[in-house]
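K.L.:
Residues per chain, in single letters:
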Amino acid sequence: MNPSNIVLYEAEYLRLKSILVMTQRDLRADLVLLIDRSGHQIAAEGPAHGIDMTALSSLAAANIAATDGLARLVGEPEFSILYHQGKHRSIHISDVAKRFSLVVVFDESVALGMVRLRVKRATAYLEEILRSFLRKTEAVPTATKAAPGSAPPIYFTDEDIDKLFSSLKPGS
Amino acid sequence: MTFINYVAREINCKIVYYGPGLGGKTTNLQYLYDITNSENKGKLVSLATETERTLFFDFLPIDLGQIRGLRTRFHLYTVPGQVFYDASRKLILRGVDGVVFVADSQEERLDANLESIANLEQNLKEHGFDIGKIPYVLQLNKRDLPNALPSEQLKKLLLVKGEPVFEAVATTGTGVVDTLKGVARQVLVELRKSA
Numbered sequence: 001m002n003p004s005n006i007v008l009y010e011a012e013y014l015r016l017k018s019i020l021v022m023t024q025r026d027l028r029a030d031l032v033l034l035i036d037r038s039g040h041q042i043a044a045e046g047p048a049h050g051i052d053m054t055a056l057s058s059l060a061a062a063n064i065a066a067t068d069g070l071a072r073l074v075g076e077p078e079f080s081i082l083y084h085q086g087k088h089r090s091i092h093i094s095d096v097a098k099r100f101s102l103v104v105v106f107d108e109s110v111a112l113g114m115v116r117l118r119v120k121r122a123t124a125y126l127e128e129i130l131r132s133f134l135r136k137t138e139a140v141p142t143a144t145k146a147a148p149g150s151a152p153p154i155y156f157t158d159e160d161i162d163k164l165f166s167s168l169k170p171g172s
Numbered sequence: 001m002t003f004i005n006y007v008a009r010e011i012n013c014k015i016v017y018y019g020p021g022l023g024g025k026t027t028n029l030q031y032l033y034d035i036t037n038s039e040n041k042g043k044l045v046s047l048a049t050e051t052e053r054t055l056f057f058d059f060l061p062i063d064l065g066q067i068r069g070l071r072t073r074f075h076l077y078t079v080p081g082q083v084f085y086d087a088s089r090k091l092i093l094r095g096v097d098g099v100v101f102v103a104d105s106q107e108e109r110l111d112a113n114l115e116s117i118a119n120l121e122q123n124l125k126e127h128g129f130d131i132g133k134i135p136y137v138l139q140l141n142k143r144d145l146p147n148a149l150p151s152e153q154l155k156k157l158l159l160v161k162g163e164p165v166f167e168a169v170a171t172t173g174t175g176v177v178d179t180l181k182g183v184a185r186q187v188l189v190e191l192r193k194s195a
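Chains as they are written, first to last, in this note's numbering: chain E, 1 to 172; chain G, 1 to 195.
No lab work stands behind these hints: they were computed from the structure. A couple of the hints might just be wrong.
No farther apart than 20 Å at their CA atoms in a straight line, the calculated lysine to aspartate or glutamate pairs in the EDC-like style are these [as the list claims (entries may be wrong)]:
(1) E/K163 x G/E50
(2) E/K163 x G/E108
(3) G/K193 x E/D158
(4) G/K90 x E/D52
(5) E/K163 x G/D63
(6) G/K43 x E/D52
Some residues of chain E that are not near chain G, with every Cβ distance over 10 Å (derived) [to be verified]:
(7) E10
(8) S18
(9) E45
(10) D52
For each residue, glycine too, the CB sits at the ideal point set by N, CA and C.
Take these sequences, add in the hints, and give me the full structure.
P.N.:
What follows is the structure in structure tokens.
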């Protein structure tokens, strides 16, 4: 397995999710979202209806990447927190273990100081889980990685790949 | 960086459309957006200037169907082609799983194509990727234009490693799906090899 790939199994997911649930409840946030630096959504919690989480994950990752670029331009190793304040909703984005980011969407009833406090606590927990899970991903061959009862390592044939693309209808 | 989520039963991959400015990268994504069933696609996000030139990137998530019970979701990105947006281009390559190089077949854009391939190679290297190893396809776009160079000539000049080549007219959709299939296949085969 490419060491930079991320494989998420249920045990880790549940641990990560429990931290997001705790943070969302403590803050009464609209959304608490964990993404990787490529813009993939890892886990999410919150009642934020109508937010396109795929687009949000992608834009947040791009925002982080652009901010990293800005930091380097002015001689900073990083700007570890991004905060966008809106009239009704705001977004707080912070680094988690250098490969992930925590995105919190909250409304005007939530104080920014409280967000920072809860995010700091959540980040410490998340980093612990993610670091141990990344170590496992990198150290153990995939064939032996799946725990009993969990999904088997990925396997598919050329025919399986050929069957894809049915959702694309050229000329329609 | 492929993200395999066994909880959601999903494989998530990132494909980047690279190439010189006005070569048709955004048009590729717009065509794919138009022909994909609504339940299999997300929003097409375009961060563009007022004159509709790509400023940062375009983004289109599409679901290509299931493979052994796992949904395969491809996140398609374009980069801004204009030379001076190099810093932005570099950022978009972070965590990429496969690259489509969209070449402009017009004779007067040959140098721009060559410059863009060299730029891609350099930017991939900065992210720790080797263009010789990463899933990669070449699309020769704008084949319908009268000033398009012959395909054989373009292949001789633009091929990096014997990658699959697709002739296209992105404005009408010709070759667009085949190009995506070409790169998606390579990404999945690579994933299978490493799994």
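K.L.:
Would you mind marking each hint as holding or not holding in the structure?
P.N.:
Comparing the hints with the structure gives:
{"no.": "1", "hint": "E/K163 x G/E50", "result": "40 Å, violated"}
{"no.": "2", "hint": "E/K163 x G/E108", "result": "39 Å, violated"}
{"no.": "3", "hint": "G/K193 x E/D158", "result": "12 Å, holds"}
{"no.": "4", "hint": "G/K90 x E/D52", "result": "25 Å, violated"}
{"no.": "5", "hint": "E/K163 x G/D63", "result": "13 Å, holds"}
{"no.": "6", "hint": "G/K43 x E/D52", "result": "8 Å, holds"}
{"no.": "7", "hint": "E10", "result": "5 Å, violated"}
{"no.": "8", "hint": "S18", "result": "13 Å, holds"}
{"no.": "9", "hint": "E45", "result": "14 Å, holds"}
{"no.": "10", "hint": "D52", "result": "5 Å, violated"}
In terms of the numbered hints stated before, the structure departs from hints 1, 2, 4, 7, 10, listed from lowest to highest.
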